[in-house]
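Residue strings, one per chain:
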Amino acid sequence: MKRREFLSRVSALGVAGSAGALSAPALLLGTRPAHALGDDIPVGLLFSLTGSVAVVEHTLHDAALMAIDEINAQGGIHGRMLRPIVEDPASDPATYADRARRLMIRDKCVSVFGSYTSASRQAVLPVVEQRNNLYWYPTLYEGRECSRNIMYGGAVPNQQQDNMIAWAVENFGPRFYLIGNNYVYPKEENNYCKKLLSELGGEVVHEEYVPLGHSDFSSAINRIRAEKPDVIFATVVGDSDVAFARQYHAAELDPEKMPVISLTRSEVEVKAIGGEAAAGHFSSAPYFMNHASAENERFVEAYKSRYGGDQVTHFVSEAAYFQVYQFKAAMEALDPKNVTTETIRAAAVGTKLMAPQGEVLIDENLHTHLWPKVAQWQADGQAQVLFGTEERVAPKPYAAYDGQSCTGAGLVEA
Amino acid sequence: MTKKLKYDLVAYALFAAVIFLAVPAYLNFEGYELNTFARYLSLGIVSLALALSWGTAGILNLGQAATFGMGSYAMAMHLKLKSSQGLPDFMSWNNVEELPWFWVPFHSLSFTLLAGLLIPASIGGIIAIFMFRARISGVFVAVITLAFLVAFQLLVIEQQGYTGGQNGLTGLAPLTLLGWTVDIYSLSFYYLIAACLFVAIMIGIYLVHSKFGLILRAIREDADRTRFFGYNVASYETAAFCISAALAGWSGMLYTLVLEFASPTYMSVSFSLAIVIWCAVGGRESIIAAAIGAIVVNLLEVRLSDVFVEGWNLILGVTFVLIVMFMPRGLHGVVAGANDWIARRKDSRVSNAKHSNLKSRPEIKGGQ
Amino acid sequence: MDVLFNQLFSGLSMASILLIIALGLAIIYGSMGVINLAHGELVMLGAYATWALQHFFGFSILLALPFVFVAVGAVGWLIEKIIVQRLYSRPLDTILATWGIGIILQQIVRIAIGPESRFVSGPEILRGNIQIGNVYMSNYRIFVIVLSIAILGATWAIMTRTEFGTKLRAVIQNRSISECYGIESERIYSLTFAYGAGLAGVAGALITPLFSTIPTMGTGLVVNAFLVVIVGGLGSLFGTALAAVLIGQATALFSIVMNDTLGRIAVLICIILLIRLRPRGLFPGKTRN
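Residue numbers (the working numbering), protein chains in the order written: chain H, 1 to 414; chain F, 1 to 368; chain Z, 1 to 289.
Heads up, a few of these hints could be off.
[As the list claims (entries may be wrong)] In the EDC-like style, the derived pairs of lysine to aspartate or glutamate whose C-alpha atoms are separated by at most 20 angstroms in a straight line are:
# : chain 1 : residue 1 : chain 2 : residue 2
1 : H       : K108      : F       : E30
2 : F       : K82       : H       : E129
3 : H       : K271      : H       : D380
Honestly, the hints are just simulated from the structure, not real lab data.
Remember, predicted model here, so these are calculated numbers, not experimental data.
Start from the sequences and build out the full structure, keeping to the hints where you can.
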């Protein structure tokens, strides 16, 4: 008798334990308030708000959200408002994949804007291709990718390196020291750098990769001191770059003799590095915060008044911002009754837009034509643009690999 | 059949009913929701694997994520080979000329399935022999396994040409199992994962209730005394460690299927600690409770992050500290405690109070 | 040859940072058996406290050090009073609870101050390098080395030369007998935990000019510090110091011979072997269990 009662209690508690968690209504299984489809346009924002990548992705989230609110304040697209759906992938690639599916399948987003690291893009890629959605990726990246479902808003290697490497060889000398984090982006940038250097008669004195998040660069600095290169070509990212720059400065290596030319150092990093330590070094990117243009003034002012006067804009947040407008332009160009991934993509190709950096254009390979610039950091934490290209530079994601090119039909092998 | 086994079997049947019937019905058999839930189920296996080594044998393995990752990569390697003609794309990006020898056998699915269990088990076995022969226990086991995990993750990231580095293995083909191409958004896929979970739980329950499990518990309580009884403690610990590693590998294989990619973050310290937490929340002394713990915590995580985009991590941290402080034996402890309380009240009503005092069970120590 | 000497100095510098971080952890672990996984977050709090003092009051790092020590020590004291104290009978559970505390601290800082990286400028007087032949030594790093040795000495003196230290050692040896002699063991434990936390804060203040100050900065540090403590041996300050020097030098040398990643893997393998061969650490303390 007792035992049977006990069993029934175990069962009751067991059900309560497992099913209770499942069925606690509002919080646990409450999906978002349902909106009737057609009233508005659901778009996903997939930027990490927590974890280690949040340092940068939070600013991308802010910039994209600002663009969405601006568009809605102007009356939306064909009278329909953009409805941003925010997910926090917590800097973890598996969570990116999971949340991307959620946005595309459950929330039926028309497009998703998101992410900073290559690992997170790679995690989302199979999802977005399988679900045939569009993923607007604002970050500079390593190229060698030609998805028909990703809109690449950032620079690929040729857009950051072509003008810069030639200039660096001419002004500082041919001996390059390559340092980057240990993953695909720095390796691919270095591949292209080596290709350019061999054409220009330069040489690589050392190529070094440190783990992501690495924070003690004393070995690397000793090696740099011993090798005495002319240029340090850096693709160190995030807090590693902050540590690298500060320790480089503390070691009193002179930027006039051994400048660091970085592809990844933006206003965000320099704010943490401190203007004094960053001053004299260089970055190559399509956008810098104090670039002089009417669009940029408006962008910076709106950003600061919204998020605070000490906030900075940078070359990834600028792309996160203008990509929302590119999306808007594409949506406006097509029939509101026929919104599919194919029609958005077709409408987006060829779209010209006055972005803060200059007029950008979406290529048929879904990458963006940009305005590369080389700038020198000043003690006040801002970059002074030394020179830019005279024409908009076309994206060549396969520039490092002869015989391959990314076209409107996908990857073409010669 | 002991009393405790009976309770476990009843709980097992109930849990099965919930997972096989109630959950799919509740989720309206909808593909995406089922897939999300299947993810939690696959994580349930690694949590119960830890319950086996930690809860039963007292071996706190902070490197569980490493064996999980091995299984995950084994599966991903097979699916990657299936999706690519010739060399996988990332290899040619890293100037690897031909398929490395250790990739070749992963063309075969049966090899992959075996490897996903046996590689973690044998590597776990090597570490276990290495540790337990020297009678290392307690926190030192935790440190060695942690150091191994960190080193292993660094190695996987470093060998980009062979492992895909930081990006992991992506762009995988769907699995073909006996002619059935798995659609991960289908009900049958959900049932496949659920079935795996229940087979794993069954194995766990069997082991815990066998003589093997009894000896493991004896080792947990007092390793020296068990040794004096003539048992080879190191062998028992090694066996427990290997089985736990194999189950973790299995879980990793399923996780790769659900998420369609393998990433080195599966082998991170924080993921490993997360496994410990699932296990602790559910209750490390019970195999079923540990699996439920994984499901509940992951479900909470996702739902909380829906509602509190900014603060969900904070809520999770607070909840977790409260659980450790006030529910040291996890959800299972609450259920068991409530049972004891009811039984005692019943007892005291039937017989006198002295009797029930004699019967009260000794407190189980929180940690060893 | 120059490379070698430069590298030896780098190793020493890494060791001093490791030591300062690990020392607080070692004291807490050695005296209470608590593995404080929130230690990294206490380091992070120290870094943010330094940033706040500099940002709002214009303190230099050197001036901020005592304030940071007290502030983070107070946080540690609270954590001990509210949470850790209840868990002394369950040592493995403290690992889990302190990990949860770490999450809480990290999230509070992220929500209150923001996820972006903060800038703290280094002290003016310690700029520049000393150059001997071709060996360059940054003044700030020399300062960190000297300070870490000083803190080690001070901690040793507190443990062996003060009444508090005597009481603490008595409690470590046998808590109940010490209580019979009128030692308030709870108070001793709280103060010890606060002291360890305060040291974590100092470590955080010292690394801000070299590293980047973000909410997640502590997570990676705690694993390394944890390894140092275990290799050094339970309850032995000098074991901890020696372990820090060994690990720092090994990291520096391996990373110049191989690269930073492989160097770290090699160091971890050495640590595993070392624990296997000397499971009680290099210098096991002479305490009774």
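Going through the hints against the structure:
1. H:K108 - F:E30: Since the Cα atoms of K108 of chain H and E30 of chain F sit roughly 14 angstroms apart, the hinted pair holds (cutoff 20 angstroms).
2. F:K82 - H:E129: Measuring from Cα to Cα gives roughly 18 angstroms; hence the hint holds.
3. H:K271 - H:D380: Cα-Cα ~9 angstroms, so holds.
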